[in-house]
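Produce the entire structure from the sequences given, and follow the hints as far as they go.
The listed protein sequences derive, respectively, from chains D and X. Counting from 1, one number per residue, gives the positions in the first sequence under the UniProt record's numbering. Counting from 1, one number per residue, gives the positions in the second sequence under the UniProt record's numbering.
Keep in mind that a hint or two might mislead.
[Stated by the list, open to error] Taking lysine-lysine and the BS3-like style, the derived pairs with C-alpha atoms no more than 25 Å apart in a straight line are:
| # | chain 1 | residue 1 | chain 2 | residue 2 |
| --- | --- | --- | --- | --- |
| 1 | X | K7 | X | K34 |
| 2 | D | K88 | X | K54 |
| 3 | D | K88 | X | K88 |
| 4 | D | K18 | X | K54 |
I should point out that these hints are in silico values taken from the structure, not numbers from a laboratory.
Letter by letter, the chains look like this.
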Amino acid sequence: MDKDKLIVPNQIGYLILKDDGAVLESGGDLKNDERSANVIMGLLNLTESIDENFMPNSSCERITIDYEHHSYSICMSNRRIYIVKSSKSPHNGATTSSSSSTSVYNDATEGNSNATNPASTSSSTVLA
Amino acid sequence: MEQQLEKVLNEIVTQQDTVGALLANRQGLCLGAKGNINPNVSGIGMAISEQVAKLEPNSSVPATICLYSGSKRCVIQKDGEITGIIYKQATTGSTAASN
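Right, here's the structure in full:
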């Protein structure tokens with residue numbers, strides 16, 4: 001019943017991995033997507049040493065993978081690997097990741113009829 | 001036979017911020033390189049593009065991979081049999097513009 005984190009605008013999925021590849025958090029298109037996590041860990045191992053003369057080993061701080069209609073951004077910070085899948089068309093963002101984001105609030109409002117605060121019933125996502 | 005490849009490589013390296021470019025075949029062997037790029041990078045570049053192809057195997061359009069390190073970028077794209085690898089380094093003028 002978790003609400004999807006919003007890391008970037010037009011986000012359609014995200015994964016947060018430990019440095020050993022274990023999935024810590026996930027949401028949207030990438031929810032529980034261990035296959036993608038494994039592929040990306042393989043990619044990170046490959047990018048560790050491309051060309052010592054051009055990029056020092058393990059100096060790669062960001063990777064993007066661009067497709068026609070969406071892209072993946074991969075960043076490493078604080079021994080965590082952050083992967084965000086984002087849509088290139090501005091209206092696609094909410095369609096695929098909204099399935100779990102509204103149910104929490106529906107349950108909450110049913111259980112407590114006094115919950116009239118409009119902020120609590122909105123389906124907006126939390127900023128990371 | 002390689003004239004066409006040479007022509008493409010020459011065109012790529014004349015683009016702004018481009019340091020070097022190479023083309024690799026399916027086996028990861030270097031077909032041609034121009035500018036300041038080690039031809040041995042063709043193997044790892046090919047391996048990276050093959051790994052990324054596993055991410056969305058049903059995608060018909062190949063992905064473009066970009067690795068960022070400071071002002072440097074390594075762009076990799078696979079198109080059918082051939083993988084292209086381009087090294088780019090932003091000059092001070094263009095980094096200021098992009099920020």
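**Restraint status (C-alpha distance of D:K88 to X:K88 at most 25 Å)** = holds (24 Å)
**Request:** Quickly compare the C-alpha distance for D:K88 and X:K54 to 25 Å and report which way the hint goes.
**Result:** Cα-Cα ~21 Å, so holds.
**Message:** With the threshold set at 25 Å, check whether the alpha-carbon distance from D:K18 to X:K54 stays at or below it.
**Reply:** holds (21 Å)
**Message:** Just to be careful, I want the Cα atoms of X:K7 and X:K34 compared with a cutoff of 25 Å; is the pair within it?
**Reply:** The hint holds at about 10 Å.
When held up to the earlier numbered hints, the structure conflicts with none and fits them all.
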